[in-house]
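A.B. asks: Build the full structure now, drawing on both the sequences and the hints.
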Amino acid sequence: MIATITLNPSVDKRYMVKNFNKNGVFRVHQVEVTAGGKGLNVARVIKQLGEPVVTLGFLGGANGEFIENELNKMGIVNLFTKIKGETRSCIAILSNDYSQTEILESGPKITKHEIDRFLNEYDNILKKSKIICASGSLPQNIPVDFYSELINRAKKENVKFILDTSGEALKYGLKSSPFLVKPNIQELQDITGVTINTERDLLKSVKILSQYTVEILVISLGSEGSIVMYNDKLYKVTVPKINAINPIGSGDSMIAGFAFAIARRFDFEKIINFASACGTANAMEKGTGMINLKNVEFIMENIVISKL
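full-length UniProt numbering applies: residue 1 is where the sequence shown begins, and numbers increase by one.
Honestly, the hints are just simulated from the structure, not real lab data.
Computed from a predicted model, the values in this text were never measured in an experiment.
Heads up, a few of these hints could be off.
Calculated pairs, DSS-like style, for lysine-lysine (alpha carbon to alpha carbon, straight line, at most 25 Å) [as the list claims (entries may be wrong)]: (1) K204 / K127; (2) K109 / K84; (3) K47 / K128; (4) K307 / K236; (5) K47 / K82; (6) K155 / K128; (7) K47 / K127; (8) K233 / K204; (9) K286 / K47; (10) K171 / K112; (11) K112 / K155; (12) K130 / K155; (13) K307 / K241; (14) K73 / K128; (15) K233 / K171; (16) K241 / K294; (17) K112 / K156; (18) K270 / K307; (19) K47 / K294; (20) K171 / K156; (21) K233 / K155; (22) K13 / K286; (23) K307 / K286; (24) K156 / K127; (25) K270 / K236; (26) K171 / K207; (27) K73 / K13; (28) K73 / K286; (29) K175 / K130; (30) K13 / K82; (31) K207 / K241; (32) K270 / K130; (33) K130 / K156; (34) K204 / K175; (35) K82 / K127; (36) K236 / K204; (37) K233 / K270.
C.D. replies: Here you go:
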């Protein structure tokens, strides 16, 4: 079983607005409301791949009830800790010129009692899980080193921990050496202090990050693919050009692909291939955290993996 953690989920509202700009009054011609959060996207893809998955985190208020109902519709096991606060909302405004404006709430304040209840559930799940995937930001009152604590608890149970976050949460998490991390270029620059303009800069940053003894290091390059380090070996992954419809959630789909392939004990190059294909396939779908398995198979046949 794979468990995903979304500490700061949200109700995501996408407004389609023609010619959106500041200081105007606009009518929305299309609205989409979904259960949001990076870990939930990961869980959706794992579910589509046919692997047992459970979700953990914090949920509260009417927004929390909405997310819980959406998870039930998808048949995803929900083990979220109920809180007094209201789960946040996040708004994305998409214009016809393909621009996107995002308004993100910070999330509810979590009490110590709620944290303790979450940790109790987490410890129980560790005894049943092969892999933990923790994704996204931290809500208010959660210690900045919280992911580090979750990694250390997973290690005691010999459970692999995949971490996909940013900022201080990522810096502290790296100190506990998770099994896999997936920073993008901006996050890599923030961690290493190296401005990345060339491939040489990129490889220098990867070398700096390797000091944290992460077993698998994945540098996401968006539509250009990724750079992967494993056992001191570097791989460049080039993905085929596709007709991208909605790239949001592609990184989460890639994480799901890694978790699934690792759980199924694929050989390493097939792990990279499969995860990259899942990430790319997500961009071909309208929904976030959605893949078509036929597209995954096609993309796998056209991915190029080369050693650096």
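A.B. asks: Taking 25 Å as the top limit, are the C-alpha atoms of K47 and K127 close enough?
C.D. replies: holds, 20 Å
A.B. asks: Check whether the Cα positions of K270 and K307 lie no farther apart than 25 Å.
C.D. replies: With Cα atoms ~14 Å apart, K270 and K307 stay inside 25 Å; holds.
A.B. asks: Tell me if the straight-line CA distance from K73 to K13 falls inside 25 Å.
C.D. replies: OK: K73 and K13 at ~18 Å, within 25 Å.
A.B. asks: Taken at face value, is the distance from the CA of K82 to the CA of K13 at most 25 Å?
C.D. replies: Cα-Cα ~22 Å, so holds.
A.B. asks: Between the alpha carbons of K171 and K207, is the straight-line distance 25 Å or under?
C.D. replies: holds, 16 Å
A.B. asks: Going straight from one Cα to the other, do K13 and K286 come out at no more than 25 Å?
C.D. replies: Between K13 and K286 the Cα gap is close to 14 Å, so the pair holds against 25 Å.
A.B. asks: Taken at face value, is the distance from the CA of K236 to the CA of K270 at most 25 Å?
C.D. replies: Cα-Cα ~14 Å, so holds.
A.B. asks: Verify the proposed pairing of K112 with K155, using a straight-line Cα cut of 25 Å.
C.D. replies: Holds, at about 23 Å.
A.B. asks: Given the hinted pair K47 and K82, is their Cα-Cα distance within 25 Å?
C.D. replies: holds, 23 Å
A.B. asks: Is K233 close enough to K155, meaning Cα to Cα at most 25 Å?
C.D. replies: holds, 24 Å
A.B. asks: Measure nothing beyond the straight line between the CA atoms of K130 and K155; if it is 25 Å or shorter, mark the hint as holding.
C.D. replies: Answer holds: K130 to K155 is near 11 Å, not above 25 Å.
A.B. asks: Holds or violated: are the alpha carbons of K307 and K286 at most 25 Å from each other?
C.D. replies: violated, 33 Å
In summary, the numbered hints that this structure violates are 1, 23 and 31.
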